[in-house]
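S.K.: Quick mapping for you: the protein sequence lines, in order, are chains A and B.
The opening residue of the first sequence carries number 309 in the numbering used here; numbering runs sequentially from there.
The opening residue of the second sequence carries number 309 in the numbering used here; numbering runs sequentially from there.
Simulated from the structure, these hints should not be mistaken for laboratory data.
Do not take every clue at face value.
When chains are identical, the list treats them as one kind, so a pair holds in a single copy or across two.
[What the hints assert, rightly or not] Here are the simulated DSS-like pairs of lysine-lysine, each with C-alpha atoms no more than 25 Å apart in a straight line:
id, residue 1, residue 2
1, Lys644, Lys514
2, Lys644, Lys690
3, Lys562, Lys690
4, Lys689, Lys350
2 protein chains.
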Amino acid sequence: MHVIDVMPPLREGEILPPIAETELARWIALSRVPGLGCVNFKKLAEYFDDTTEAFSAPAEALAKIQGLDPNVIDGLRHFSAWAEIEAEVRRAAKAGIKIVPFTDPIYPARLRSIADPPPVLYVKGEIRNQDERAVAVVGSRSASDYGRRVARDLCWGLASLGFTVVSGMARGIDGAAHEAALNAGGRTLAVLGSGVDRAYPPEHDKLYQRISESGAVISEFPLGTGPVPFNFPVRNRLISGLSLGVVVVEATEKSGSLITASLALEQGREVFAVPGEAGASRSRGTHQLIRQGARLVETVNDIVEEIAPQLCAPKQNAESAPRRALPEHLGDEFQKVFALFQEQSLQIDEVIERSGCSPSRISEILLELELLGYIKQLPGKKYRVED
Amino acid sequence: MHVIDVMPPLREGEILPPIAETELARWIALSRVPGLGCVNFKKLAEYFDDTTEAFSAPAEALAKIQGLDPNVIDGLRHFSAWAEIEAEVRRAAKAGIKIVPFTDPIYPARLRSIADPPPVLYVKGEIRNQDERAVAVVGSRSASDYGRRVARDLCWGLASLGFTVVSGMARGIDGAAHEAALNAGGRTLAVLGSGVDRAYPPEHDKLYQRISESGAVISEFPLGTGPVPFNFPVRNRLISGLSLGVVVVEATEKSGSLITASLALEQGREVFAVPGEAGASRSRGTHQLIRQGARLVETVNDIVEEIAPQLCAPKQNAESAPRRALPEHLGDEFQKVFALFQEQSLQIDEVIERSGCSPSRISEILLELELLGYIKQLPGKKYRVED
Numbered sequence: 309m310h311v312i313d314v315m316p317p318l319r320e321g322e323i324l325p326p327i328a329e330t331e332l333a334r335w336i337a338l339s340r341v342p343g344l345g346c347v348n349f350k351k352l353a354e355y356f357d358d359t360t361e362a363f364s365a366p367a368e369a370l371a372k373i374q375g376l377d378p379n380v381i382d383g384l385r386h387f388s389a390w391a392e393i394e395a396e397v398r399r400a401a402k403a404g405i406k407i408v409p410f411t412d413p414i415y416p417a418r419l420r421s422i423a424d425p426p427p428v429l430y431v432k433g434e435i436r437n438q439d440e441r442a443v444a445v446v447g448s449r450s451a452s453d454y455g456r457r458v459a460r461d462l463c464w465g466l467a468s469l470g471f472t473v474v475s476g477m478a479r480g481i482d483g484a485a486h487e488a489a490l491n492a493g494g495r496t497l498a499v500l501g502s503g504v505d506r507a508y509p510p511e512h513d514k515l516y517q518r519i520s521e522s523g524a525v526i527s528e529f530p531l532g533t534g535p536v537p538f539n540f541p542v543r544n545r546l547i548s549g550l551s552l553g554v555v556v557v558e559a560t561e562k563s564g565s566l567i568t569a570s571l572a573l574e575q576g577r578e579v580f581a582v583p584g585e586a587g588a589s590r591s592r593g594t595h596q597l598i599r600q601g602a603r604l605v606e607t608v609n610d611i612v613e614e615i616a617p618q619l620c621a622p623k624q625n626a627e628s629a630p631r632r633a634l635p636e637h638l639g640d641e642f643q644k645v646f647a648l649f650q651e652q653s654l655q656i657d658e659v660i661e662r663s664g665c666s667p668s669r670i671s672e673i674l675l676e677l678e679l680l681g682y683i684k685q686l687p688g689k690k691y692r693v694e695d
Numbered sequence: 309m310h311v312i313d314v315m316p317p318l319r320e321g322e323i324l325p326p327i328a329e330t331e332l333a334r335w336i337a338l339s340r341v342p343g344l345g346c347v348n349f350k351k352l353a354e355y356f357d358d359t360t361e362a363f364s365a366p367a368e369a370l371a372k373i374q375g376l377d378p379n380v381i382d383g384l385r386h387f388s389a390w391a392e393i394e395a396e397v398r399r400a401a402k403a404g405i406k407i408v409p410f411t412d413p414i415y416p417a418r419l420r421s422i423a424d425p426p427p428v429l430y431v432k433g434e435i436r437n438q439d440e441r442a443v444a445v446v447g448s449r450s451a452s453d454y455g456r457r458v459a460r461d462l463c464w465g466l467a468s469l470g471f472t473v474v475s476g477m478a479r480g481i482d483g484a485a486h487e488a489a490l491n492a493g494g495r496t497l498a499v500l501g502s503g504v505d506r507a508y509p510p511e512h513d514k515l516y517q518r519i520s521e522s523g524a525v526i527s528e529f530p531l532g533t534g535p536v537p538f539n540f541p542v543r544n545r546l547i548s549g550l551s552l553g554v555v556v557v558e559a560t561e562k563s564g565s566l567i568t569a570s571l572a573l574e575q576g577r578e579v580f581a582v583p584g585e586a587g588a589s590r591s592r593g594t595h596q597l598i599r600q601g602a603r604l605v606e607t608v609n610d611i612v613e614e615i616a617p618q619l620c621a622p623k624q625n626a627e628s629a630p631r632r633a634l635p636e637h638l639g640d641e642f643q644k645v646f647a648l649f650q651e652q653s654l655q656i657d658e659v660i661e662r663s664g665c666s667p668s669r670i671s672e673i674l675l676e677l678e679l680l681g682y683i684k685q686l687p688g689k690k691y692r693v694e695d
C-alpha cells in the first residue's frame, strides 16, 4: 500500500502553489474540477498513464480524448481550490482517514472497472484484498422483523463463508446486514452518502465505530459532506460496484434499493432478491425485481451457487501435477476431506459420512476448496478434483 | 350437445353383443382396452375420422399408424368387457352423471389438444363453453392460513372477472380455491383422482354438491374408482390441460402441485407461483418454480396480464367498420368508457378521471373490453381501440 497522505517538499523553481504539486492533492482535485464527473474522469484515466498529468497536459492533447466534455478542459486549466484540498488532507490525517487514489493498489479492483469510478475514496478503517470477494446486502430503511431476520441470516452466512458484506449503513436492512457480518467475526464495508468523518444516521454511531475497526467505512464525498438526499443514489453505484452481486432483502416499489439493483445490472453484477408474502408492501419491490429476472434468494446457498463461477480459481499448471497437494496451512480437516477425492467424485453426503465432520463444517470446507480451485462442483451436489 | 347416454336399439343381424354397437360404449371401451393408454388413444383419434372404428378396422390398417404400440391391436381385437360398460352406463344415467366422449362438442377443446387426452370424461354437473377461459389454482393439502387467504383472494378475483377456476378438490389450497370461486358467484371445475360418483375427501361432501350444481366435477376414471394415490399425478394433467395457466399457491419441495406445474409446461400452459417468506417450508416449492421461470404472482392482475394475449379476440372485418360499436347489452358504463377511446389512446388514470367510475370498476371494464377485442393494451397501462 502506498497511500499518499503526507506532503512532499517543494521543488526548486516551482510556479504552482505547493499543494498542487503533490500527487494526492491532484487526485483529490480530479474529483472537484467543475464539469469533470466520474465518467469524464474514467476517460482521462484510460488516456493517461498518470491521470494527474491531465492538469499539465496541453489543451490539444485533452481535445483528442474521445467524448470528453469540452468544459472539462477549462475546468482543469482553471482549477484553483488547492488550499481547500490542503486543509482536507490535513484534516483526514488527523482523523485517521485514508484518502485512496484510483491507482492505489488498495483501491478495489472491481470498483475501478465501473464506468464512473470516483478518483479518490475516503476510507475510515482498512480495505483488504479479501474484500474483492464482496456481496452487497441492502434494503428498506423501514424493514419488517422478517426482513431484518433474513438480512441477519444471510449476512451471518456470507461472512462465515469468508465473504465481505457491503451495505449502506442505513437504518433497517443495511444496519442489520453490517451487524450480522460483524457478529459472525467477518468483514464488512459501509459506503456512505455523506462524508466518512461522521456517522450517519446518528443512531448508528456505535455501528460506525465497529465497522471502522473490523472493516471500513467508505465514501467518495469530501469530509464534512452532509447526508444530502441527492448523494444516496450516487453512492449506490459504489455499493454495487464493490460487489460480486447485490441482494435486495426488502424494498417498497419506490425504494432506493431498486436503484442499486439497476445500477448493479448496468455494471454486470448479479442481482438477488428475497421474496415475501404476496401483498406485503415491503416485498413489492423485491417481487418486481424477481419478475424482471433477479434470482430469488431463500438461503445463502442461493447466492453462493450463482457467484461461485465468478471467483477466479487459480489455474493449475497442467504438466506439473495431475493431482495437486493442498497447501499445509489449510490444516488437517482440509487435507482429510481433499484426500477423499483422489480416487473418485463424491456426493456431499458421502463426504460427510467418510470424513466424520459435521454437515455445516463440510459445506464450509467444500466451498473453500471449490473457491480455491482444488475441487469442482458437478450437478447433484457431487464434487470432484479440479483438473 | 349430443351426449350419448341412452342405448340405441339393436340392429338386425347383429353379431357383436348389442352394447358394443353403441357409440358411447365404444368410446368408454377405448379407455379400457388393455395396452391402450391415452397417448395411443390420441394416435387413433388423429388417424380415424371416427375413433371407434378402431374396433372394426383391419389389423393391417392399425399396423400402419405411426408409433402405435402393437399390443393395442391385440387389445382392440380381444376386448370383451362390454357387460361391465353397459352396467356403468346405466349407473351413470341413474346418478345424473354424463359420459362425454372425446368428440362431443362439450368435451373441452383445450383438453382435447393435449398429447394424452382421456377418451371419455365423467361429468357431474355441467361443462359450458365459457369454461374454455379457465385458470387452475392448486397447492398444498396442508396449507397455511396465508396460503388459504391468497388462494381465496386470487380465485375470488378470477371468478369475478369471468374466469373458471379449475382445481383438484383436495384439502387445503384446492378446497379454498373452489369455495372462493363459488362464493364470488363464478364457475369452477373440480378434477378428481377418483370416480366422479363419490366426494373425496369425505369432508368436502358439501363442496362437491355445490360444485356439481354451479360448475362440474370431472374425472376420467370409471365410476366407483377409489382415491388410489397413483391416480392423482395422472389426474393432474387434466387440471393443467383444461386451463390457460396453472397457479401454484403453496407447495413443499415434493408437492404434487409441482407435478401439475411441469405437466402444464409440457402442455404449453403458463405457470404461475405465489411467493412466501424465505424459510417457509410450504413456499419452497413455489420458490423453486419461480427460479425455474414461473411468473411470480401477487395479485390477480399478474395472472390476467400474462394470459390475456392467449384469449382469442374476435377479428374485426377491416372494411366494415373503422370504429366498431359495442353491443348494447354491455350497458351504459361500457358505452361511456369505450366512447372515450374514439379519438385517442388513454392511460388508465385518465379513463378513471374522465369516466367518474371507481378504479376497480374501470379495471374490470377495460379488461372485459380487451378480452372482447374492442380495445388493446399498450405499454405503460395505456389503451387504444383495437384495429
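S.K.: So, against the hints stated earlier in the document, which numbers end up violated here?
M.R.: 1, 4
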